[in-house]
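Participant: Here is how the chains run, residue by residue.
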Amino acid sequence: MLLVDLQVAARNLTRHTRRNLFLGAALAAVTGLMVLLGALTAGIEGSMMESATTLLTGDVNVGGFFKITSGSAAPLVSGYPRVLAVTRATVPDLDYYTIRGRGWAKAVSDSASMDLVLGGVDIAHEPAVRRVLQPVAGTLDELARPNTMLLFQGQAERLKVGVGDVVTLSAPTERGVNNTVDVRIAVVVKNVGIMSAFSAFIQADTLRGLYSLSPDATGAIHLFLKDREQANLVAARLREELQRQGWRVMEPDPQPYYMKLFQTVPSEDWTGQKLDITTWEDELGQFKQFIWGVKVFTGLLVFVLMVVIVIGILNTLAIAIRERTREIGTLRAIGMQRRKVLWLFMLETLLLGLGGCAFGALAASALAAGLNAAAIGVPEAVQLFLSQEHLTFKLGFGAAATDVLLLTLVTVAASLAPALRAARLKPITAMHHIG
Amino acid sequence: MSIISVRDVSKDYLLGKTQVHALRGVTLTVERGEFLSVAGPSGSGKTTLLNLIGCVDTPTTGVVEVAGRDTSRLTERALTDLRLHQIGFIFQSFNLVQVLSVFQNVEFPLLLQGGLTRAERAVRVQGLLEAVGIREYGRHRPSELSGGQRQRVAVARALVTRPALVLADEPTANLDSQTGQNIIDLMREMNRKDGTTFVFSTHDPKVMAHANAIVRIADGVVAGREPVGAMA
Ligand SMILES: Nc1ncnc2c1ncn2[C@@H]1O[C@H](COP(=O)(O)OP(=O)(O)OP(=O)(O)O)[C@@H](O)[C@H]1O
Ligand SMILES: [Mg+2]
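These protein sequence lines are chains A and B, in that order.
Sequential numbering from 1 applies to the first sequence in the numbering used here.
Sequential numbering from 436 applies to the second sequence in the numbering used here.
Simulated from the structure, these hints should not be mistaken for lab results.
Backbone N, C-alpha and C define an ideal beta-carbon position, used for all residues, glycine too.
Hints may contain errors.
Claimed, not checked - Short, incomplete list of chain A residues facing chain B, as computed with Cβ under 7 Å:
{"hint": "1", "residue": "L6"}
{"hint": "2", "residue": "V8"}
{"hint": "3", "residue": "P172"}
{"hint": "4", "residue": "G176"}
{"hint": "5", "residue": "T180"}
{"hint": "6", "residue": "M336"}
Stated by the list, open to error - Footprint (simulated), chain B over chain A, 3 or more residues, beta carbon under 8 Å:
{"hint": "7", "stretch": "11-18"}
{"hint": "8", "stretch": "298-307"}
{"hint": "9", "stretch": "337-351"}
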């Protein structure tokens, strides 16, 4: 029986080819759009999060602030080797770690200047950075030399400098004077999204020199875990352990460190060293918000399209039922139960929905793969937003299947009311119907 | 017990704002095994009466009993079951399913009933197609057939479940006299062999001649019932 049902449904679909093709195409288009937008969002999220965690934060950060007076603050962990020793003992599932200086300076070239959040890197011990940063001029190894700096392409263009040129960094210090240092541009790398607008890297000891810091002081220890999901647990465990061993540890506060540096910490009433343990989610809250915004936007778009589709289905089925009233009447008269009529109509939309949506998803996947392969350049203005230089779609079978199922479900649900109307027709009224 | 018992049945239709009294107090009893013809001029109410007996419509007043069950007391579901298992209906205008082949159209009531295997169904359907003379058209769609051929498909579909009661609304109206004769013969044989009750409406005196009895209706009332012998 099921075979015959399928056959009836399929043949009824092909009998009204144009109408059903139109509806199927609309379904395919919406599904395709959903899959594409989803893959694009995932692509943005993937590249944004990967580069952001590698460059700005670890999975867990052991940072801190040092206050000489209660009105000032510096992003510092003093005596970090001891902190590191405790940390390594407390976090056995550590993949690797990096030591980063933290700072903030005005970069001044011959013709321009800009404010930059500085990271002090020891490039010899930063394996992951090489994965994320692609030099356009110079080499990353050069950054091992003293008084060198790494700029992103956009920054280099703004400052009108290239590799070998010198810029002056001017940094406000705790003592209220501005320290300066001249650094040579060792390497210029490709932009990697929004963070390339405001952050740059200098050699670690140069950063210490700029702030007159001792060699055992740094900005933060970035911890990269084998399982990122454990970040919150590890952070909590670290807070407890460091506190137990005598450090003062700040309450968890999901904000990036530079927000704390400029806004909350200087107004707190304490002096000396405090540690601050954060996770990548805390540090990248704004990125997550941005991704969330993108998702809400695409969600709304898809919702509106879905409403249009539902209206289309209701209309199409209403027409189909009017046309087939006589046939339904006959079937009811020869003994077909109402629920069977209902089933036949819903089966028809199920086939249409599944076919249209699956086609749309496949077409979109092919298109996305094609676009990935074509490596289409993203306009520079949008690059910052998308964190991508080339349009990159991240296709997931699960996500696409979910889209297909969801839309098919909506389609079938939309057919429920018209199908019920068809099932309720009295056999005789149905047979009298002309048409 | 009689297979059909119609008592004081009236049926009004609302046609725009005017009431049409299609039936006005019809009483009729049909025994099992009868081969009964309902005759009357166009518009006299033949189709209306058959529809009421076939449980596809409900009377305005009066009682319709089919196979001992008062149809007004049955749920829609039970009525559907009654139609499926007890009644075969041949419609005045065929009403075949366009998207199914001739074979599938005839097989359909068996599928709805369930119970028979695929092979059993094939034998049953093939036998009927042969009996109505369209064996070689099994794979065709209804739209590829002539009016007469479609009528034969409709006849085969009504008979395929071997129902106790077959209602036929002008079963031969669209057929040439030879085919019409074949179909009447087929019905007659089922009547004789299985005791199937047949009630059919017709205008054609030659067809009436095959019946046991003729019920004449005019203007929505039964004008009389006569055995066929008396007519000759
Ligand atoms: N659905 C309906 N709505 C309104 N009037 C109807 C309807 N069905 C039948 N009638 C009317 O009821 C009366 C009886 O119709 P019915 O179809 O039963 O006659 P009939 O004897 O079958 O005629 P014919 O020989 O032409 O088939 C007619 O006057 C017809 O116009
Ligand atoms: Mg009629």
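Participant: Hints first: check each against the structure and report whether it holds.
Facilitator: Comparing the hints with the structure gives:
1. The criterion of a C-beta within 7 Å of any C-beta in chain B is not met by A/L6, whose closest approach is roughly 12 Å, and the hint is violated.
2. Interface restraint check for A/V8: the shortest CB-CB distance to chain B comes to about 6 Å, inside 7 Å, so the restraint holds.
3. Contact between A/P172 and chain B, as hinted, is not supported at the beta carbon level, the nearest pair being about 81 Å apart and thus beyond 7 Å.
4. Because the smallest distance between the Cβ of A/G176 and any Cβ of chain B comes to about 88 Å, over 7 Å, the interface hint for this residue is violated.
5. With 7 Å as the threshold, the beta carbon of A/T180 stays out of range of chain B, its nearest partner Cβ sitting at about 85 Å, so the hint is violated.
6. A least Cβ separation of about 6 Å between A/M336 and chain B falls short of the 7 Å threshold, and the interface hint therefore holds.
7. Given as covered by chain B, the stretch 11-18 of chain A passes the check, having 3 residues with a CB less than 8 Å from a CB of that chain where 3 are the minimum.
8. As drawn, the stretch 298-307 of chain A meets chain B at 0 residues by the rule of a beta-carbon pair under 8 Å; below three, the given contact is violated.
9. Only residues whose beta carbon comes within less than 8 Å of a beta carbon in chain B count, and the stretch 337-351 of chain A has 3; three or more means the coverage holds.
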